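Visitor: As a plain string of letters, each chain reads:
Number of protein chains: 2
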Amino acid sequence: MILKDLGEFNLINRLSKRVRLSAGVVKGIGDDAAVLRYKRDRHLLLTTDMLIEGRHFLRSSGGYLIGKKAMSVNVSDIAAMGGRPLAAVISLGAPPSLGVGFIDALYKGIREVAEKFKIDLVGGDTVRSEKIIINVALTGEVKKGNLVLRNGASPGDVIFVTGSIGGSLSGRHLSFTPRVKEALFLAENYRVHSMIDVSDGLIADLGHILRDSRVGGVIYERAIPLSRHAKDFNSAVMDGEDFELVFTVPGRDADKLLKAWPFKTRLSRIGEICPCPRRLYLVAKNKEIQKIKPKGYAHF
Amino acid sequence: MILKDLGEFNLINRLSKRVRLSAGVVKGIGDDAAVLRYKRDRHLLLTTDMLIEGRHFLRSSGGYLIGKKAMSVNVSDIAAMGGRPLAAVISLGAPPSLGVGFIDALYKGIREVAEKFKIDLVGGDTVRSEKIIINVALTGEVKKGNLVLRNGASPGDVIFVTGSIGGSLSGRHLSFTPRVKEALFLAENYRVHSMIDVSDGLIADLGHILRDSRVGGVIYERAIPLSRHAKDFNSAVMDGEDFELVFTVPGRDADKLLKAWPFKTRLSRIGEICPCPRRLYLVAKNKEIQKIKPKGYAHF
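Here the protein sequences line up with chains A and B, keeping their order. Take 1 as the starting number for the first sequence in this note's numbering and just add one per residue. Take 1001 as the starting number for the second sequence in this note's numbering and just add one per residue.
What the hints contain is simulated information worked out from the structure, not anything from laboratory work. Small disclaimer: the values here were computed from a predicted structure and weren't measured. Be aware that one or more of the hints could be misleading.
Between beta-carbon pairs, the in silico distance windows are [as the list claims (entries may be wrong)]: (1) A:His229 / B:Asp1041: 31 to 41 angstroms; (2) A:Ser61 / B:Pro1277: 40 to 50 angstroms; (3) B:Asp1041 / A:Lys231: 53 to 63 angstroms.
If you want the footprint, here are the derived chain A segments under chain B, 3+ residues with CB under 8 angstroms [said to hold, decoys possible]: (4) 103-109; (5) 117-123; (6) 126-133; (7) 170-179; (8) 239-252.
25 angstroms max Cα-Cα, derived SDA-like pairs, lysine to any residue [claimed, not checked]: (9) B:Lys1118 / A:Arg37; (10) A:Lys39 / B:Val1025; (11) A:Lys118 / B:Ile1029; (12) B:Lys1039 / A:Ile12; (13) A:Lys108 / B:Ser1022; (14) B:Lys1004 / A:Phe102; (15) A:Lys4 / B:Glu1130; (16) B:Lys1017 / A:Ser97; (17) A:Lys39 / B:Ile1012; (18) A:Lys295 / B:Arg1128; (19) B:Lys1039 / A:Asn146; (20) A:Lys118 / B:Leu1011; (21) B:Lys1039 / A:Arg37; (22) A:Lys108 / B:Ile1012; (23) B:Lys1118 / A:Gly30; (24) A:Lys108 / B:Lys1108; (25) B:Lys1118 / A:Glu141; (26) A:Lys4 / B:Lys1108; (27) B:Lys1004 / A:Lys295; (28) B:Lys1144 / A:Gly24.
Backbone N, C-alpha and C fix where the C-beta goes; we use that ideal spot for every residue, glycine too.
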């Protein structure tokens, strides 16, 4: 058997299922970030993402946007836990023929995100490689009461999504703003039962929430906020890298949240959690109900 | 200008010099691991290393040894700070055609090092790539009193090295044991003024200590413990990936340390720190004194 037959999620499961964890771990493999014991009132978060030229970016996009993306995808993971980022270490693989101007632009993109979110850049590694490779590992912290996992969605919850969905390939995947302040507002002020960032695609990532929470859901085509860059509904909800937040709150808090939402970033109520484990239903614009499979982007 | 002209160390400096750090950082870029504020009596450590097929390992070495190495190089960095490892996140790039057996062996190597050093494997990322790429980011902790940096070497210090040096390419670079217990013993019981692990080469890494401590040193050819796999003296002290510890302690403690050393791992007194900034002298076997340049392996 080769990797392609195994699939990305089985690949990850294969590592995690034989792992024993110490009492220092609150949540290991299987959420947007790992959660570790830290201080009396807060947990430490740890996440990592690897970007490879040709898969996550093209060299022609320029160092600046690539550096921004490498940082932002990790910041988005910390946000999705209800936390704030702290410190990053960065591994860079690059060919010796790469122009120093490209590297300077890359570092400028990295530093800009770091400054915006008050992240300390504290170390790294540089390696010669044919393709440009950037791996960022980012720590963060979350107040214990603010921690939001994927597995707490509950029947009666309303499903929300921030911003708009789809068309990220037209450029937004390189220049999005991680939803840190929105997530902090939510975690501080609402009983957010579950949250995830949209990296694999809206349907796939909502699927992670449903699977881990052992519930099902209904979403409404008319309610899903499509980006003006989205090609069509199907590709919008299947494509990845929107880096918006999908989350659920108890139904009775939904209206209050919509009313109180203080940000320019859009907030959309797109559906509800139901007690039908793992099932996801889409109510199409013509009112037809479709059963859909939570699939999205997978590397293998 | 291209990367090759800039050189690896200038590449790292280029990022670090424009970075502003918060009060949460005890030591940023420029040591074996970053040091962050953590608990009342201890600091958090954070390090990362990226291994790429063809540069750090060959696929023919098999997944098991490659997995071990990917973990061990990071553990060695934590050890060189006087700390112990805590939790790791792992990014894996691999071609879809790679056999699942290879991946299982890789994970076995990773898990074995994790279990030996009680490291929690808490997350990661998987990406499709042509070459196999493994990035590990590892946290650790160090008692405040045990923290050892590169910059504390002082005239009159004696320079020590653990184990033997050279010939790592014959296989040891894939199967070495990080010197965690040795480093903990040293940090707990001795005034270790400076410490580093030998990744770039004995001369180069001692050079990092001299530069950061603004001192010089003398080492003795006859005192340097060559591995039986070493080709010759020059390549042994210039080649990298020995992953032994080089450290300095006050001269008056040197004999006591040699006497008390409780490990099977060899401990060698190889020289002394002198007050001549950045100069490194080698006393050859024929008593001739040579001035040498701290050079070693650089990726660019």
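Visitor: Each hint needs a verdict: does it hold in this structure or not?
Guide: Hint check:
1. A:His229 / B:Asp1041: 31 to 41 angstroms: 52 angstroms, violated
2. A:Ser61 / B:Pro1277: 40 to 50 angstroms: About 44 angstroms separates the Cβ atoms of Ser61 of chain A and Pro1277 of chain B, which means 40 to 50 angstroms holds.
3. B:Asp1041 / A:Lys231: 53 to 63 angstroms: 56 angstroms, holds
4. 103-109: Check passed, 3 qualifying residues.
5. 117-123: holds (count 5)
6. 126-133: holds (count 7)
7. 170-179: violated (count 0)
8. 239-252: Not satisfied, violated; 0 residues make the cut.
9. B:Lys1118 / A:Arg37: The given pair, whose Cα atoms are some 15 angstroms apart, holds under the 25 angstroms limit.
10. A:Lys39 / B:Val1025: At roughly 16 angstroms apart (the allowed maximum being 25 angstroms), Val1025 of chain B and Lys39 of chain A satisfy the hint.
11. A:Lys118 / B:Ile1029: Cα-Cα ~16 angstroms, so holds.
12. B:Lys1039 / A:Ile12: With Cα atoms ~32 angstroms apart, Lys1039 of chain B and Ile12 of chain A exceed 25 angstroms; violated.
13. A:Lys108 / B:Ser1022: With Cα atoms ~18 angstroms apart, Lys108 of chain A and Ser1022 of chain B stay inside 25 angstroms; holds.
14. B:Lys1004 / A:Phe102: Given that 25 angstroms is the threshold and the Cα spacing comes to 13 angstroms, the pair holds.
15. A:Lys4 / B:Glu1130: 13 angstroms, holds
16. B:Lys1017 / A:Ser97: 23 angstroms, holds
17. A:Lys39 / B:Ile1012: Violated - the C-alpha atoms of Ile1012 of chain B and Lys39 of chain A are around 32 angstroms apart, more than 25 angstroms.
18. A:Lys295 / B:Arg1128: 18 angstroms, holds
19. B:Lys1039 / A:Asn146: This hinted pair holds, its Cα atoms lying about 20 angstroms apart.
20. A:Lys118 / B:Leu1011: Status holds; Cα separation ~23 angstroms.
21. B:Lys1039 / A:Arg37: Since the Cα atoms of Lys1039 of chain B and Arg37 of chain A sit roughly 11 angstroms apart, the hinted pair holds (cutoff 25 angstroms).
22. A:Lys108 / B:Ile1012: With a Cα-Cα distance of about 14 angstroms, the restraint between Lys108 of chain A and Ile1012 of chain B holds, given a limit of 25 angstroms.
23. B:Lys1118 / A:Gly30: 20 angstroms, holds
24. A:Lys108 / B:Lys1108: Given that 25 angstroms is the threshold and the Cα spacing comes to 39 angstroms, the pair is violated.
25. B:Lys1118 / A:Glu141: 23 angstroms, holds
26. A:Lys4 / B:Lys1108: Holds. Lys4 of chain A to Lys1108 of chain B sits at ~20 angstroms (cutoff 25 angstroms).
27. B:Lys1004 / A:Lys295: 43 angstroms, violated
28. B:Lys1144 / A:Gly24: Holds, at roughly 20 angstroms.
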